Amino acid sequence: MPKAFTPKVITANALLEGDAVWLTADDRWSRDIAEAELLTDEAHAELRLLEASARQSEIAGAYLADAQEGEAGPEPVHFREAFRTRGPSNYPHGKQTRA
Amino acid sequence: MYKYNDFDAAFVRERVAQFRGQVARRIDGSLTEDEFKPLRLMNGLYLQLHAYMLRVAVPYGTLNSRQMRQLAMIADRWDKGYGHFTTRQNIQYNWPELRDVPDILDALADVEMHAIQTSGNTIRNVTADHFAGAAADEIADPRPYAELLRQWSTDHPEFQFLPRKFKIAVTGAEADRAVIRAHDIGLQLVRNDAGDIGFRVLVGGGLGRTPMIGKVLTDFLPVADLLPYCEAIVSVYNLLGRRDNKYKARIKITVHENGIDQIRALVDERFARIRAAFSGIDQALLAEIQTAFAPPAFKTAQTDGYEAARLANPAFRSWSDTNLTAHMADGYAIVSVSIKKHGATPGDATSDQMRALADIAETYGHDELRISHEQNVILPHVHQSDLPAVYAALRAADLATANIGLASDIIACPGMDYCALATARSIPIAQQIATRFDELKLEHEVGPLKIKISGCINACGHHHVGHIGILGLDRAGVENYQITLGGDGSEDAAIGERAGPGFSADEIIPAIERLVLGYLDLREDASETFLQAYRRLGAGPFKAVLYPDKEGARDAA
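Chains as they are written, first to last, in the working numbering: chain A, 33 to 131; chain B, 505 to 1061.
No wet-lab data here; the hints were simulated from the structure. Predicted model only: the values in this text are computed from it and were never measured. There may be inaccurate statements among the hints.
Stated by the list, open to error - What follows is a list of derived Cβ distance ranges for each label pair: (1) D1010(B) with R87(A): 38 to 44 angstroms; (2) P818(B) with A114(A): 26 to 32 angstroms; (3) S822(B) with R87(A): 29 to 35 angstroms; (4) Q128(A) with D580(B): 20 to 26 angstroms; (5) H76(A) with A980(B): 26 to 32 angstroms; (6) A679(B) with A114(A): 25 to 31 angstroms; (7) A514(B) with H110(A): 46 to 52 angstroms; (8) A66(A) with D1010(B): 41 to 47 angstroms; (9) H110(A) with R1040(B): 41 to 47 angstroms; (10) A66(A) with Q664(B): 25 to 31 angstroms; (11) M577(B) with H110(A): 52 to 58 angstroms; (12) D765(B) with Q128(A): 41 to 47 angstroms; (13) A679(B) with R87(A): 41 to 47 angstroms.
Unchecked claim - A partial selection of chain B residues facing chain A, derived with a Cβ cut-off under 7 angstroms: (14) G533; (15) K584; (16) L1026; (17) A1030.
Quick reminder that beta carbons are idealized off the backbone N, C-alpha and C, glycines included.
Start from the sequences, fold in the hints, and give me the full structure.
As structure tokens, then:
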């Protein structure tokens, strides 16, 4: 039996800086996962991924990542995706500097 | 040191110009990521978790002060003021922006460096013993051969699309400091009964998902046959290696599946066919290269000051006990500069530290630096009379940690703090272990101990050959760390054995502490190292201290 679909966000790396970005409902690439569009329908998610992947001059490597609804907006589920929202743990060189 | 000839210089510049055009076409949208990716990888540019990463080759680990200063300049101008030295004698920049990479590559070309073939299914940076040309136990300097291999393998038209990546390491001594037994081809300079120099050639070593120790293909290969023989090996692999399954594509699997005797027969057959095509131009080139690796003009001076400084300064004595290795020249020492300060990121040097190292090398070290696969920096030629001044300069740059070969001299890959392939973090584990052993003030008593950490099965952190290996995995969405014991990357190479169930990020540091304290109880006396004790006693008693609550582990003991 196929696994039940769990909510997702679309994420990628910004083309110029390589920074983690998330696709918003109004088709922007945000540096903040909380602004992402939370996709709860599988067919819609696949369609959005197709659209996102076509934006080759803005991003690289778009994919669907598990997410859940949080107080401020979507939040990561897996630790890898959580790290992508913060940056590395050894230096404050990533997104954590903007927090 | 080897100087680029006109061909080398023109080739590297042309490559940068090509890549500049490719980057421009990627940015304006005329190349998709799928089209661009193989092009950027050919030039060492990865896309990681938070940013691009540029991997720059340090061929056979050798740098001069000018090159080191340029690496510092690049770190300041286009990155975040530091660089990361890797386990294959490369330096990685973790934060370059795509638009800047062609300029970085031009800045590298200015000092005869490049990032070509630091990725992709090609022959990668040829590594060598970091003590090459300096070690007392060396038969000959392996670097001229490594340079010859670099020139042969760079842009070799037959070997740009191998089944998988291909790594070669060369050493000139019986003591293996280049982990040649864990390379696709391992080369060891040896002398035969007639007194001639040649190579013992190993093939099919490697770590990763399926760790293997290299097997001897031939015990003595005349030096003049190096290139045709290596070409025969790689071309046999190119045809026979599996392209149907990425995880079975390395030559170690080819050797394992076909058997070393079959591989040897095929290589010999291929070698016989292509030998004549190497008309001697390679030997003329080698002779030219060799002149560039002539030893520096070693000086003679009194060493009384060194002995007096050792007596007067316990910190200097401790450092000189730990961080020096015997040199071939009278009155000289090899200095290993630890890039493993307790609590810091293994292998990371700031631009200020790079400049300090360049200054020290220029003033006291015949202008030579090396990067070791253990992620430290080597000053290969320092006269003993200069050691107190070198130590003082290192201290001023926060580079005087006295821990070479000890518990806190940990190899760690970037792990999930940077790497897109990682399954768990490595750096924080290394930081915490080193900090803990510093608190315990025990590592000098513990003695030689190699702890190596990888953040995924690909084993960039060489965990399989750590006396204690740590492998970070994702177990049901949580970081989990598996321990292997008894690995060894030296001439007595061995793959570590898995100790048992993994540990959480919170449990792994106490587990390592139990293991090391347990060893102190188990060893016969202070002269028996961790690895020797493990080999004498087997895994049982070590598992018992690692899993004190497990009946099974007690029984095994």
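Taking the hints in turn, this is what the structure says about them:
At roughly 41 angstroms, the beta carbons of D1010(B) and R87(A) sit within the given window of 38 to 44 angstroms. The hinted range of 26 to 32 angstroms is not satisfied by P818(B) and A114(A), whose Cβ atoms lie roughly 45 angstroms apart. Judged by the Cβ atoms, the range 29 to 35 angstroms given for S822(B) and R87(A) is violated: they are separated by roughly 57 angstroms. For the pair Q128(A) and D580(B), the beta carbons lie near 22 angstroms from each other, so the given range of 20 to 26 angstroms is met.
The hint said 26 to 32 angstroms for the Cβ distance between H76(A) and A980(B), and at roughly 28 angstroms that hint holds. For A679(B) paired with A114(A), a C-beta distance near 44 angstroms fails the hint of 25 to 31 angstroms. One distance hint, 46 to 52 angstroms for the beta-carbon pair A514(B) and H110(A), holds here, with the actual separation near 48 angstroms. Range check, A66(A) to D1010(B): Cβ separation about 28 angstroms, and the 41 to 47 angstroms hint is violated.
Against the hinted window of 41 to 47 angstroms, the Cβ-Cβ separation of H110(A) and R1040(B) comes to about 43 angstroms, which satisfies the hint. Remark: the range hint 25 to 31 angstroms for A66(A) to Q664(B) is contradicted by a beta-carbon distance near 44 angstroms. Separation of M577(B) from H110(A) is about 38 angstroms and departs from the stated range, judged on CB atoms against 52 to 58 angstroms. Evaluation of the 41 to 47 angstroms hint for D765(B) and Q128(A) yields a failure: the beta carbon distance comes to about 56 angstroms.
The hint said 41 to 47 angstroms for the Cβ distance between A679(B) and R87(A), and at roughly 54 angstroms that hint is violated. Checking G533(B) against chain A by beta carbon gives a least distance of about 3 angstroms; that is within 7 angstroms, so the hint holds. For K584(B), the interface hint holds, the least distance from its beta-carbon to any beta-carbon of chain A being 5 angstroms, beneath 7 angstroms. At about 34 angstroms, the closest approach between the beta carbon of L1026(B) and any beta carbon in chain A exceeds 7 angstroms, and the interface hint on this residue is violated.
For A1030(B), the interface hint is violated, since its Cβ never comes within 7 angstroms of a Cβ in chain A; the closest pair sits about 34 angstroms apart.
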